[in-house]
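Protein chains in written order, with our numbering: chain A, 1 to 307; chain B, 1001 to 1343; chain C, 2001 to 2234.
Cross-link-like lysine to aspartate or glutamate pairs, in silico, EDC-like; alpha carbons within 20 Å at most:
no., chain 1, residue 1, chain 2, residue 2
1, C, 2195, C, 2215
2, A, 182, C, 2112
3, B, 1254, A, 236
4, C, 2029, C, 2116
5, A, 182, C, 2115
6, C, 2054, C, 2007
7, A, 182, C, 2073
Honestly, the hints are just simulated from the structure, not real lab data.
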Amino acid sequence: MQILSRIPQLLIYGVISGSILSLGGIGVSLTYSILGFANFAHGDFMALGAYIALGLFTLTAGLGIPSTPLGPLSFGFGFILSFILAMGLTALTVVLIDRFLFKRLRHTSSIILMMSSIGVALGLRNVLQFFWGPQPHYYIEKIQLAIVIPGVGVRIKPDQVFIIIAAIVSVGLVHYFLQHTKMGKAMRATADNMALARVTGINTERVILWTWVIGAALAATAGILAGIENKFITPELGWQMLLSIFASVVLGGLGNPYGAILGGMIIGLSEEVSTAFISTGYKPAVAFIIMIIMLLIKPTGLLGKRR
Amino acid sequence: MDTIVGIINYIVFFAITAGTYGILSLGLNIQWGYTGLFNIGIAGFYAVGAYTAALVSGPPPGAWDGRIFGGFELPFLVGLLAAAVVCGIVALLVGIPTLRLRADYLAIATIGIAETIRLVLKNESWLTNGVWGLQQIPSPLYDPIRAGVTRFLGGHPDLPPWLHDLIFKSYNWFYLLLVLGILFILYLIMQRLVRSPWGRAVKAIREDEDAAAMSGKNTFSFKIQALVLGAMIMGIGGSLYAHYARFISPASFKPLYGTFLVWVMLVLGGSGNNKGAILGSFVVWGIWAGTDFLTGYFPFTATQAASLRIIIIAVLLEVILLWRPQGLLQREKRPPTILKKKA
Amino acid sequence: MSLLTGEGIHSGYGDMEVLHDVSFRIEEKEIISIIGPNGAGKSTLLKTIFGLLKPTKGSVTFKENSITGLAPDRIVRLGMAYVPQVENVFPSLTAQENLEMGAFIRKDDFSDRLEEVYELFPLLKERRRQRVGKMSGGERQMVAMGRALMLDPELLMLDEPSAALAPKLAEMIFERITAINETGVSILIVEQNAKESLKLADRGYVLASGQNRFEDTGENLLANEEIGQLYLGG
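Bound conformation, chain A alone (with noise of 0.2 Å):
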């Protein structure tokens, strides 16, 4: 009985880590969709938007930008400018590297090209490591305490509800972008078909440059927020949750971005649930044997529907 009284606290965390492996997983599964191979530089990403985050946000307090936290919440107006800038800075050296490196490896094999993004991530992480070092660089250093939501007895942070809106903020936008402009129309007939685009007059190159910066800017967000969660970031961060991510997104339908928010949200519960059974050490596993059973039973995936 004393395991089940904690499962709904469990439930809560389990949301709050599969809204942030959900946004990785977009990224994972757009960049699948469009350019055809496993992204493992995706996790260096989003510890890359985590530490320029981190960056600008010693800088705003240097340039005297309040940081007098907003409400309930543990930081203020110059940590959330960080945040929004360091996305588009993470999508900055995204694009770069894709000039730089990817593009030019798109016409050999998607193999290549995953072996080139595993050059890539640990580059960037040990890049992040010689700056900042393997220790963990702390966010806030406030304790912030929990509120208890009367009648269930579960305890939620006011940090914790910004990561949960955060990431349905995000969810929400990705999916009007898809949905509602042409460019992310684009993006999904790009996905479909590549070569039918090009013939219909679709400039697939620019489509690659988006998926790049929308990818990377949700990395970003992850990565932040998963900060936010932790209090700390180290250079290892993005990595520790990839093999999660990669679970997620084979187990929604890898290539289908609607699939990696499902799977996220199926991991992170799945995982924080698991820690009642069995040691927590094994979360990485736990994703890891859900995601063969789901290769063995319908390698698809639940969405998904390409090979």
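Keeping the supplied structure of chain A fixed, place chains B and C upon it in accordance with the hints.
For chains B and C alone, coordinates are given in the frame of chain A:
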């Protein structure tokens, strides 16, 4: 003279490690170079090989050991074979759900299994002694050789000190011969294999899986075989590492770093060429060791230096992919006969 | 001056030459049908015209511009549209989104054109919110043709539009092709269904083993006994 002895001793140490990597690189070559399978869980197979060998040939749990299992003190070769077999079984389990799918799935699954293996090593103390690792793994023929060396040195007290030092470390010479010998045997086996009908079949799969399937090959079965075979070779590499290091812990097998080095070795040397695989492992290990010296000249902290070295290797990989994708040595040009017949 | 001319085209895939010295011309407002047995190089010809394959020899001229070897996304801007035989729609997009993608390069308001296309294919208007992946073969073909028409092209190239369609649907597609032609669009159509396509064609070419064999009006080709025996199934 002392520095020369130091350099010789270092070269021996260097060659043992590079030779072990050469074995891993040969294993990867059969998977990637010849069959086109993207395995990025090398560190996992390497770890399974090392732990299996340590559990089979190592001592039983000591006083502070968390283990309740293992330590059968069986001969070195038994441990070596066990390492290969267990790695093969793990590869089989990874291959079955993934090898019918696109390459991306195998990649994700192999990195997943490597991470899972690391978690098991860390958490399952009853088997692995957790983060404390396994100690006092015996090196083969260590005692007789050391006894012989001590006896010889005792009988020749008037040797110059540098020669004394050199002979004193002669166990490493023996281990180097052992590693190079196994590397050479594996190389010969691989060369025969890739030229056999089996080798032609897997190469056909690498070139065009659909065409190979249409010409009646059971491509899934060939891919499984290649994955298992490569993993077994990696297991042998792991066992050689365990017996040389004599101490292994989960920290020795951080996924991706070891895996990444082996990939760069194979890609640089020339995937699909066994000589290239071995050449690449010596060159890249040379660069890796060289950057260790190089970063020593700059005012970097130890972690900064470590990061810089990985950045250098990462840049090296991208440079190869962009400008010399075929590597130093190209594939041997033998068009797969299956495809020819089809056309 | 003809709308589109090809002269002495040699083309193929890699080392394999499929077309050996093929020439043709299309006048404005004409329907041209290219018929021929399987493997004659009909699809290869369309792909070469549209820049998906580079000719090794010969030239393609469209509206007095040389378009030999030009990329498809450039050719599309000159007023030529192409409907591939297979995978010619975006299955995860709705019918209307497919049509919108057809107008991707247009920066202006294209709602009038959308209505015109819906007039040609009223069924698409009914189903405009449905995902194309869930539609039947005939409906997909309509979506594909509608998509190609969104840019108001002067020349529409169709690769076997009736392939894999039931006779009744094929008939309907051919009838639509005539209707499109009546709005002033020239049409180049490649068909297995030779009889039907020659009936509506102003002129036709017979392609065999990568070479022109015959060129004549549609009626004459249909009446020609030799062609009848060889390519029209008696």
